[in-house]
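Top line first, the protein sequences correspond to chains A and B.
Going by my numbering, 223 is the number at position 223 of the first sequence; the sequence numbering is gapless.
Converting from the second sequence to my numbering requires adding 345 to each position, the first position being numbered 1.
By construction, these hints were calculated from the structure, which means they are not laboratory data.
No experiment lies behind these values; they were computed from the predicted model shown.
There could be a bad hint or two in this list.
Derived list of chain A stretches under chain B, where covered just means 3 residues or more per stretch with a C-beta under 8 angstroms from a C-beta of chain B [stated by the list, open to error]:
#1 47-55
#2 66-77
#3 93-103
A virtual CB, placed ideally from N, CA and C, is assigned to each residue, including glycine.
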Amino acid sequence: MASVTLSSVHKAYGDTKVVKGISLELKSGGFLALLGPSGCGKTTTLRMIAGLENVDAGTIHIDSQLVDGPNVRIPPEKRELGMVFQSYAVWPHRSVKENVGYPLSLRGVSKSDIDRRVKEALDWVRLAAFADRMPSQLSGGQLQRVAIARALVAQPKVLLLDEPLSNLDMALREELRGEIAALRARLGTTMIFVTHDQHEALALADHVAVMNKGVIEQLDSPRTIYEAPATPYVAGFVGGSNLLEGTAADGTFTSHGISFVLPDSLKTVTGPGTLAVRAEAMALGQPDGTPLPLLARLFLGHSMEFRLALGDQILRVINSADEAAGTGTLTARITAAHFFPASRT
Amino acid sequence: MKRTIALGAALGLFFVLPLALLLTRAFGVDWIAIWTASDNLRALQGTLITSLGAALFALTLALPIALLVTRTALPGRGLVRGLFTLPAALPPFILGMGWVSLANPKAGLLNLALGSGTFDIYGSIGISFVLGIAGLPLVFLPTVAALSRIDSSLEEAARISGAGPVRTLLTVSVPLAAPAALSGASLCFLFAASAFGVPYLLGVTATPPTPTLTTRIYAEILMGAEGLSRAVVLSLELLVIAAIVLLASRALSARGAVRLASGKGISIRPIELGRARWPLTITVFALAIALVVLPLLAVALTSVQPVWGQLSGLSTKHWSAVLANPRTIDATLRSLALATAAATLVTTFGLAIAQTKKRSLELLSTAPYAIPGTVLALALVVAFSRDVRFVFLDRIAFVFAVANTLSMLLIAYTVKHLAFGARNAADALAQVDTSLTEAARLSGASPMRAFFDATLPQLRGPLLAAFVVTFLTCVTELTLSVLLLPTGRDVLGTLLFELQSYADPGSAAVIACAFVLLVIVLQLTQAVATRKAAR
Chain A
1 MASVTLSSVH
11 KAYGDTKVVK
21 GISLELKSGG
31 FLALLGPSGC
41 GKTTTLRMIA
51 GLENVDAGTI
61 HIDSQLVDGP
71 NVRIPPEKRE
81 LGMVFQSYAV
91 WPHRSVKENV
101 GYPLSLRGVS
111 KSDIDRRVKE
121 ALDWVRLAAF
131 ADRMPSQLSG
141 GQLQRVAIAR
151 ALVAQPKVLL
161 LDEPLSNLDM
171 ALREELRGEI
181 AALRARLGTT
191 MIFVTHDQHE
201 ALALADHVAV
211 MNKGVIEQLD
221 SPRTIYEAPA
231 TPYVAGFVGG
241 SNLLEGTAAD
251 GTFTSHGISF
261 VLPDSLKTVT
271 GPGTLAVRAE
281 AMALGQPDGT
291 PLPLLARLFL
301 GHSMEFRLAL
311 GDQILRVINS
321 ADEAAGTGTL
331 TARITAAHFF
341 PASRT
Chain B
346 MKRTIALGAA
356 LGLFFVLPLA
366 LLLTRAFGVD
376 WIAIWTASDN
386 LRALQGTLIT
396 SLGAALFALT
406 LALPIALLVT
416 RTALPGRGLV
426 RGLFTLPAAL
436 PPFILGMGWV
446 SLANPKAGLL
456 NLALGSGTFD
466 IYGSIGISFV
476 LGIAGLPLVF
486 LPTVAALSRI
496 DSSLEEAARI
506 SGAGPVRTLL
516 TVSVPLAAPA
526 ALSGASLCFL
536 FAASAFGVPY
546 LLGVTATPPT
556 PTLTTRIYAE
566 ILMGAEGLSR
576 AVVLSLELLV
586 IAAIVLLASR
596 ALSARGAVRL
606 ASGKGISIRP
616 IELGRARWPL
626 TITVFALAIA
636 LVVLPLLAVA
646 LTSVQPVWGQ
656 LSGLSTKHWS
666 AVLANPRTID
676 ATLRSLALAT
686 AAATLVTTFG
696 LAIAQTKKRS
706 LELLSTAPYA
716 IPGTVLALAL
726 VVAFSRDVRF
736 VFLDRIAFVF
746 AVANTLSMLL
756 IAYTVKHLAF
766 GARNAADALA
776 QVDTSLTEAA
786 RLSGASPMRA
796 FFDATLPQLR
806 GPLLAAFVVT
816 FLTCVTELTL
826 SVLLLPTGRD
836 VLGTLLFELQ
846 SYADPGSAAV
856 IACAFVLLVI
866 VLQLTQAVAT
876 RKAAR
């Protein structure tokens, strides 16, 4: 267990700046999710913490030790970390037992201790019965469990997870998500988890850093990220909000020349800005709603999704009711929203 | 379907039937007595030792160099890659000539410089050495390919587990690439066991002579009708060795393919070499130059030495003699014509075979390449000559009077190298975007028209590559030519063989130089054409 501190970390590949000044501090035992779309710099950030890439500027500390910075480059093998890769990275030429025992054998652990600790680690991931199998005999979910056991067996200072669940199908993903949470509760290891899946990030981590184009847009608890997004980008990415550009005045918000009544909490805002409205935060078919052309209706099982035209923009509305079936126009009233004044965006 | 039958029948007539007839020739012959005759046992021993030596030499050289060029920041690693691939484009016989010019115990340039007898290229060590260099790309290229395909996270996982860069190479990269390297090494073994020119050049006149199965078969054929049955039985022995090695190679590469299944193609950051950087660079380049470039320079120097083995000024007398000799011109024109025809046939038939998408036909078409040339030539002779006679001409030229046409040689060239056309076309067809052809059909093109307008342009690069490789291999082909050439005719390969083996290394060097120039020109042309097509 160790803390991780990044200060003003920069990284570029050629002319492409991938990470543009990231600072964060993760306490020992914390669980941080780096969340963002592909190309936002989250994987590069994780790989710099791992030592697989080096920073161009800034510093990385693990506990109080400077591991990367000007004139200091601690290679990955000296950082005492564990890492789980998206592609599992289980060595196909070694058995399950040999894969998991590898980090211990490099640390000069005695043969009997290796056997004991490998067995223990395989117990954590419920693979004790598979110790002598070769990787080609395992399923994707089992391979990823081997990778997790291998990453944890030597009690790393920090466990790094690079999109560990995205190669698995939905059911397995949910199962392994539960197992990672249980392991974390049991071992208390500091963990950093890279994902593009907001549900994964919100469900697992106690801190979420939402990244966009090489910077952290917001670093907060999952609840704060969801309920109080700091920027329109966070609101759009995490909540799946509709982002409306326009002007607020006298308790209404006008976008594309169409006015909406603002909810009570936003009656006082004025001026140009972005209104972030969750797909679930609109009531349809209400008499005081704004009439909008209906483009499409999609049945989602537990609810319906309606697509409404707002100028050249499409509004997504998810609603449990099946109001106004058959009509070409629906009225929509905003029930909750976040307003970001233009100066802040 | 009709086409499949026609192609199958052609391969049956010119490949399967001759091999079957070769087998029937072995009936009623006491082959155990022949296999265990002391001369033949020594030939078997020679084949096994030189082939094993060549394979091990190629493997020990190729693996570390493949690691250096794929995993480290070695300066000039692109050039190193090219230099160690170069032997693939050269006939082994020319490399052998180069090493004779360098390390003939009396007349070799190295021995002239360092004292007579310092190096001796003749004998089994010399054969292993030269065939190892010639077969190096067979190990080097698949090893480089395997190392480039390893999912980089497998190596990164080792680093994070606590292994340093070198340890990671030894415990992860090398084991993962090992099947490909070993499969390549067994192909190198097969290549060496099938070789005829180099073992003849360096084995027959060695003291003591180092016979191999191929040179024994050749000697038996020279003996006439009586020797033929012994040659047949020995060639079956060679065929058994080839089959065993080929099976081993295929099993190994199948295992390797499983291990490399999920390559992501992101390359791991190259290892900085630190203080070892310059010593390693110098060693690698020195090796490349000594093994590959030096023998070519020696051939060039030999071509302008007035007297072989004496450093006494330069002269163009060999060049003018060779270039003015009607025999040379005759052989050159014949070789160019034959190689052009063979390359055209290989490309056309290869494409036709690939288009049938019949796995069995594809396999059958690649089989002749794995058969040692000596065996294939003997099978064709047995099949197509009712009355086998031998004619001695000059001191060495000999032919089968009955199979006495250039068409026989053309058929042999085509059958032997059909694999180039079929494999290239099959790989290319697998990558063709069929929707382009379908779009042409829907635009109103007939199947034929759509093929020429939409499919063929996508195949141009690989087909051109197949043409060039076949052409270059055939233009100085030696083994098939020596056994199948009609009386009184020469091709470049046999002329080179005759001049080098018997009388006139200087003139042989002139032909070799001309060929190396041709290789360079054609490879550059092809590289430029491919680059243009890629753009």
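These are the hints, each one checked on the structure:
no., hint, result
1, 47-55, "holds (count 4)"
2, 66-77, "holds (count 3)"
3, 93-103, "holds (count 3)"
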